[in-house]
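Build out the structure end to end from the sequences listed, making use of the hints.
Which chain is which? The protein sequence lines are A and B, in order. Sequential numbering of the first sequence, starting at 0, is according to numbering that gives the first Met the number 0. Sequential numbering of the second sequence, starting at 0, is according to numbering that gives the first Met the number 0.
These are computed hints drawn from the structure, not numbers from a lab. Using N, Cα and C, we set each Cβ at its ideal position, and we do this for glycine too. Treat the hints with caution; some may be incorrect.
Cβ-Cβ distance ranges computed for the label pairs, FRET-style [claimed, not checked]:
(1) A:VAL205 <-> B:ILE160: 24 to 30 Å
(2) A:ILE121 <-> B:GLU279: 27 to 33 Å
(3) B:GLY162 <-> A:LEU215: 42 to 48 Å
(4) B:ARG281 <-> A:PHE165: 56 to 62 Å
(5) B:ILE419 <-> A:GLU260: 53 to 59 Å
(6) B:ARG434 <-> A:PHE117: 18 to 24 Å
(7) A:ALA322 <-> B:ARG434: 32 to 38 Å
(8) A:PHE117 <-> B:LEU412: 18 to 24 Å
(9) A:THR290 <-> B:ILE160: 20 to 26 Å
(10) A:TYR325 <-> B:ARG434: 28 to 34 Å
(11) A:PHE165 <-> B:TYR284: 56 to 62 Å
(12) A:PHE165 <-> B:ARG434: 55 to 61 Å
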Amino acid sequence: MVFSLGMEYYLPVIWALLLAVAIAMYVVLDGFDLGIGILFPFAKSDAEKDQMMSSVAPFWDGNETWLVLGGGGLFVAFPLAYSVVMPALYLPVIFMLLALVFRGVAFEFRHVADTSRFLWNIAFAGGSTLAAFFQGMLLGGFVQGIKVENNAFAGGPLDWATPFAFMCGMGVVAGYALIGSVWLVMKTEGIAAAQARAHARLLLPVVLIFMGIVSLWTPIAFPRIAERWFTTPNLFYLAPVPILTLVLAYAVWRWLEKGHEHLPFFGVIGLFLLGYIGIGISIFPYLVPPTLTVWQTAAAPASQVFMLIGTIFMLPIILGYIAFVYWLFRGKVHQGEGYH
Amino acid sequence: MEFDPVLLARIQFAFTVSFHIIFPSFTIGLAAYIATLEVLWITTGHERYHRIARFFTKIFAVSFAMGVVSGIVLSYQFGTNWSRFSHVVGNVVGPLIGYEVLTAFFLEATFLGIMLFGWNRVPRGLHVFACVMVAVGTTLSAFWILSANSWMQTPAGYEMIDGVAHPTDWLAAIFNPSFPYRLAHMVTACYLTTAFVVLAVGARYVHAGRYPEDSRTMMRMAIGLIAIMAPIQAFIGDQHGLNTLEYQPAKVAAIEAHWQNEPGAEGVPLVLFAIPNEAEERNDYQIAIPHLGSLILTHSWRDTFKGLKEFAPEDRPPVAIPFFAFRVMVGLGLLMIAIGWIGAWLLWRRRLFETDWFVGPLQYVWPIGFVTILSGWFVTEVGRQPWLATGVLRTLDAASPIEGWQVATTLALFVVVYGIVFSGGIYYINRLIVRGPQGPAVEPPEGLPNRPLASAHEATRAAINAPGE
Numbered sequence: 000m001v002f003s004l005g006m007e008y009y010l011p012v013i014w015a016l017l018l019a020v021a022i023a024m025y026v027v028l029d030g031f032d033l034g035i036g037i038l039f040p041f042a043k044s045d046a047e048k049d050q051m052m053s054s055v056a057p058f059w060d061g062n063e064t065w066l067v068l069g070g071g072g073l074f075v076a077f078p079l080a081y082s083v084v085m086p087a088l089y090l091p092v093i094f095m096l097l098a099l100v101f102r103g104v105a106f107e108f109r110h111v112a113d114t115s116r117f118l119w120n121i122a123f124a125g126g127s128t129l130a131a132f133f134q135g136m137l138l139g140g141f142v143q144g145i146k147v148e149n150n151a152f153a154g155g156p157l158d159w160a161t162p163f164a165f166m167c168g169m170g171v172v173a174g175y176a177l178i179g180s181v182w183l184v185m186k187t188e189g190i191a192a193a194q195a196r197a198h199a200r201l202l203l204p205v206v207l208i209f210m211g212i213v214s215l216w217t218p219i220a221f222p223r224i225a226e227r228w229f230t231t232p233n234l235f236y237l238a239p240v241p242i243l244t245l246v247l248a249y250a251v252w253r254w255l256e257k258g259h260e261h262l263p264f265f266g267v268i269g270l271f272l273l274g275y276i277g278i279g280i281s282i283f284p285y286l287v288p289p290t291l292t293v294w295q296t297a298a299a300p301a302s303q304v305f306m307l308i309g310t311i312f313m314l315p316i317i318l319g320y321i322a323f324v325y326w327l328f329r330g331k332v333h334q335g336e337g338y339h
Numbered sequence: 000m001e002f003d004p005v006l007l008a009r010i011q012f013a014f015t016v017s018f019h020i021i022f023p024s025f026t027i028g029l030a031a032y033i034a035t036l037e038v039l040w041i042t043t044g045h046e047r048y049h050r051i052a053r054f055f056t057k058i059f060a061v062s063f064a065m066g067v068v069s070g071i072v073l074s075y076q077f078g079t080n081w082s083r084f085s086h087v088v089g090n091v092v093g094p095l096i097g098y099e100v101l102t103a104f105f106l107e108a109t110f111l112g113i114m115l116f117g118w119n120r121v122p123r124g125l126h127v128f129a130c131v132m133v134a135v136g137t138t139l140s141a142f143w144i145l146s147a148n149s150w151m152q153t154p155a156g157y158e159m160i161d162g163v164a165h166p167t168d169w170l171a172a173i174f175n176p177s178f179p180y181r182l183a184h185m186v187t188a189c190y191l192t193t194a195f196v197v198l199a200v201g202a203r204y205v206h207a208g209r210y211p212e213d214s215r216t217m218m219r220m221a222i223g224l225i226a227i228m229a230p231i232q233a234f235i236g237d238q239h240g241l242n243t244l245e246y247q248p249a250k251v252a253a254i255e256a257h258w259q260n261e262p263g264a265e266g267v268p269l270v271l272f273a274i275p276n277e278a279e280e281r282n283d284y285q286i287a288i289p290h291l292g293s294l295i296l297t298h299s300w301r302d303t304f305k306g307l308k309e310f311a312p313e314d315r316p317p318v319a320i321p322f323f324a325f326r327v328m329v330g331l332g333l334l335m336i337a338i339g340w341i342g343a344w345l346l347w348r349r350r351l352f353e354t355d356w357f358v359g360p361l362q363y364v365w366p367i368g369f370v371t372i373l374s375g376w377f378v379t380e381v382g383r384q385p386w387l388a389t390g391v392l393r394t395l396d397a398a399s400p401i402e403g404w405q406v407a408t409t410l411a412l413f414v415v416v417y418g419i420v421f422s423g424g425i426y427y428i429n430r431l432i433v434r435g436p437q438g439p440a441v442e443p444p445e446g447l448p449n450r451p452l453a454s455a456h457e458a459t460r461a462a463i464n465a466p467g468e
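Shown next, in the form of structure tokens:
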């Protein structure tokens, strides 16, 4: 094929970007509904809990589908990376999935239950918190690197369990709680909204501290990341990322103080994306840091092209009907509004 | 203690997939049923279709949630437990599953929101549309996942380069030789499974004298579908069997516990019962009908097909599981036909709802489809062994480089978590059935008037804020 050289270079890059978009969508969308679960135990009354759950009930299923697309996308476009990363992060992946099982069924079971309701409250809160924590652990385990020999995972079963990964786990819990709280600021009213605003103001500095720790820890612990950030001219190109983060964080703080209802949510999405871009800059072009790049792990070009055609065609349609459903269920969830 | 990671990973996959398959096979049929009811509702205007649709939507919600969460687990297991599978056949199987996510999962998960929460919020037509989209999504999902599974059974449209499968012809890969049969067989099975649940629920109410109008409609619709679909399913199954004999003869030999063709003998007997003895390569306590095996599988009296001994021992599937599971599947299939036809006959004689000896036991037929599907799944999946992808990759060579205790730990967790979730699901579905189509009288939340059901049809802002049922 005449174009084969070019295709083999660009296709994996396109796919890496698409995968990044899918995961970003997941982090933002399932982030806020997992965040609701994390904040669940802090709700004062059952009515407030109902309101919190109703605010995400029509969306959570679609939100979680991005996780399947993220995992599926890695499998499709970078099967070798998938086959190395998954065994390396075996236990946290399965712990996360089991937590999501509990939390997913809690939505429906809690609604039908009466005396056993408290059990599904616990399942919802516990499942959401653990799922968020293990997602953070996965992120940490991925950033810190995976041992590879002969194109296969060659490390130990507990390589991922480091203080760095633990800290990432806590950071993601705080982050999801923050985006959950600003979602509630936007979608609820009355006591629930006031409570959410207070939570957001508490969580914003906590999340910034975690972002700060990761930003310092990664270049200190991993020279390859320090080299990426602190050599010229990279330093100047990349400086806007931390600066924008600080500016935006200040803006979110002010919006919360002034009583804005929508802006804090979109501000926090911006903060998430900046943090996410930061991680992307630290990692690219490795899909299995620090050994395998996107090109080394890419699927056969024929597979990538076949899937790309479908994605280009389907993605706008998917985004379209997702937007439609969010629009349909726009506005605030009223106190006492029925769940089903 | 030493754990064998491959064996444990197989047990884990068998456990999680068996648990998972129950829910999609129910929700694929149920989504189609609800969409049908909704279409009937807006075209005929009969409220009972609306009540039944709403009632089953609640059951759908609980089942769908369990299907979603257990399905996500499966999609990640390809990587965690079977990473070499991902690497070796990922180029082909990956996009098939990728298309499932793109075309099916998002569609059903997104429109599910409208289906469950849109009753008071959107115009009727849009709600019907959402239900149809969910039904389309679940069926598309079956299309892709069965394509992927069929490719593993009868691979096509690929070439091997450096030990990794590369696609050469996507149409051949998607529509691989066993796919049409498998898809037809599975979707029909889903409809039958759901029909038996609807039938059992209807029979329960008829028997108790509750919801006479709704329950009779449920029973009538279910009996009608079963009477027509169950025999069609037998025909599809027969065709599927011919296809399997052509492409996976070792599987058929295992299903029939057919060890060898006796020299000079004509035709293969049908083994009705036996205890397959793999160590000595023969059947114990065999009861068989001469020539019937040939008649069923080759549609001729004299033709023979390969016996297990004609395959190298390392290429033979285990015999006992496919053999017994197949007999369970066929036996229950025949029972389904009998129930459908007796029911149709009683319905035609206008005696169905008064015939206690028939309606009474029907209350307990709801698991029949699930057991049949699980048996069929065991036949096809165990019968594929020792291959994960026939002729491409052996199960033994597909496992992840992980330690046995990891798989053992997570397997134990899966058993505990799924045990809790499954019992919870059955308990809550039963509670919904006890509550019935009309549901209990719901006290309106403070400060809001209890609106009559009619207001649910208005897409006005006022209705938006009204309490749900």
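Right, here's what the structure says about each hint:
{"no.": "1", "hint": "A:VAL205 <-> B:ILE160: 24 to 30 Å", "in the structure": "violated, 51 Å"}
{"no.": "2", "hint": "A:ILE121 <-> B:GLU279: 27 to 33 Å", "in the structure": "violated, 55 Å"}
{"no.": "3", "hint": "B:GLY162 <-> A:LEU215: 42 to 48 Å", "in the structure": "holds, 44 Å"}
{"no.": "4", "hint": "B:ARG281 <-> A:PHE165: 56 to 62 Å", "in the structure": "holds, 59 Å"}
{"no.": "5", "hint": "B:ILE419 <-> A:GLU260: 53 to 59 Å", "in the structure": "violated, 39 Å"}
{"no.": "6", "hint": "B:ARG434 <-> A:PHE117: 18 to 24 Å", "in the structure": "holds, 21 Å"}
{"no.": "7", "hint": "A:ALA322 <-> B:ARG434: 32 to 38 Å", "in the structure": "holds, 35 Å"}
{"no.": "8", "hint": "A:PHE117 <-> B:LEU412: 18 to 24 Å", "in the structure": "holds, 23 Å"}
{"no.": "9", "hint": "A:THR290 <-> B:ILE160: 20 to 26 Å", "in the structure": "holds, 22 Å"}
{"no.": "10", "hint": "A:TYR325 <-> B:ARG434: 28 to 34 Å", "in the structure": "holds, 31 Å"}
{"no.": "11", "hint": "A:PHE165 <-> B:TYR284: 56 to 62 Å", "in the structure": "holds, 59 Å"}
{"no.": "12", "hint": "A:PHE165 <-> B:ARG434: 55 to 61 Å", "in the structure": "violated, 45 Å"}
Hints 1, 2, 5, 12 from the list above are not met by this structure, while the remaining hints are.
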